[in-house]
Amino acid sequence: MIIWIASYPKSGNTWVRSFLTSYIYTNENSFDLSKLKYIQSFGQLKHYRNHVRNFDNFNEISNSWMKIQKKINEDNKKIKFFKTHNGLYKIGDSFFTNKKNTLGVIYIVRDPRDIVISASHHFNQDHNLSTKMLFNNQNYESFTENGFEYVRSIVGSWDNHYNSWNSLKEKEKIIIKYEELHKDPKKEFKKILNFISQFTPFEINDNKIKKSIESTNFSNLQNLEKKEGFVEQNKKRTFFRSGRVGEWREKLDKKLVEKIEEKFFKEMKYLGYLNY
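All residue numbers for the sequence shown refer to our numbering, where the first residue is 62 and numbers rise by one.
If a hint is listed, it holds; no wrong ones were tucked in.
Label pairs and their computed distance ranges (CB to CB):
{"hint": "1", "residue 1": "LYS315", "residue 2": "GLN199", "range": "24 to 34 Å"}
{"hint": "2", "residue 1": "GLU233", "residue 2": "ASP117", "range": "30 to 40 Å"}
{"hint": "3", "residue 1": "GLU135", "residue 2": "GLU323", "range": "41 to 51 Å"}
{"hint": "4", "residue 1": "THR87", "residue 2": "GLU322", "range": "39 to 49 Å"}
{"hint": "5", "residue 1": "LYS247", "residue 2": "GLU323", "range": "27 to 37 Å"}
{"hint": "6", "residue 1": "GLU323", "residue 2": "ASN268", "range": "42 to 52 Å"}
{"hint": "7", "residue 1": "SER258", "residue 2": "GLU121", "range": "32 to 42 Å"}
Derived SDA-like pairs: lysine to any residue, alpha-carbon spacing no greater than 20 Å straight-line:
{"hint": "8", "residue 1": "LYS247", "residue 2": "ILE236"}
{"hint": "9", "residue 1": "LYS161", "residue 2": "SER228"}
{"hint": "10", "residue 1": "LYS193", "residue 2": "LYS324"}
{"hint": "11", "residue 1": "LYS141", "residue 2": "LEU106"}
If you are wondering where the hints come from, they were derived from the structure by calculation, not from laboratory data.
Using N, Cα and C, we set each Cβ at its ideal position, and we do this for glycine too.
Taking the hints into account, I'd like the entire structure generated from these sequences.
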């Protein structure tokens with residue numbers, strides 16, 4: 062059965078995936094970026110090849126979601142982690158996932174004002190375009206980089222994405238704020254491990270948590286990217302750029318800040334972002 066690591070793009074998904082990879086799949090909590098293969102992204106072409114003929118037809122893609130997940134879950138005793146930027150949406154008659162295929166969801170949410178800064182760097186676009194991306198209900202993610210191919214996933218607007226996953230019952234999900242993860246990684250990663258432990262026997266060891274945090278801290282991830290490269294980096298732009306909280310205060314135009322806060326007022330107020 063699948064446990065999803067879900068988030069809007071540029072919200073800390075890869076950081077969480079790196080920590081879990083280090084904690085669960087490596088010896089002595091050693092880590093390098095190649096080990097992220099243990100927690101793959103859902104949406105690679107290999108998942109779809111036997112189910113989709115026309116990759117330009119999103120209805121055909123969405124109709125295959127359940128078939129692919131059913132195949133993945135044939136060994137239903139084994140937990141599989143998958144990263145996704147897809148919203149928990151229904152396209153036509155097709156849901157992205159359901160209770161038969163999903164054990165739980167780890168959802169990482171980040172201040173949309175900081176996402177604009179990070180997305181602008183990653184996609185090589187200005188802040189206006191990145192803000193429009195957050196507002197766009199028909200926002201799709203689709204790209205091929207360094208031979209790493211993805212089928213389109215529907216991301217949607219920042220608020221719809223968050224609300225779609227947050228609609229799950231409390232016991233089915235855990236919501237992790239990027240800002241809290243940055244402030245106290247031990248506390249937040251321990252929350253994640255406790256969440257996972259309700260689905261499978263799982264050792265939670267403080268010393269092991271500490272070592273995994275050290276091996277996947279932002280500085281180390283930046284150094285690993287410089288040495289090894291990273292398959293998800295965007296051409297010549299680094300993937301692990303800054304990771305700072307509140308960078309929008311220095312770099313985001315006041316008018317864009319106002320637009321974002323007005324558009325996402327309800328969610329940002331609930332999450333405490335209007336007090337940052």
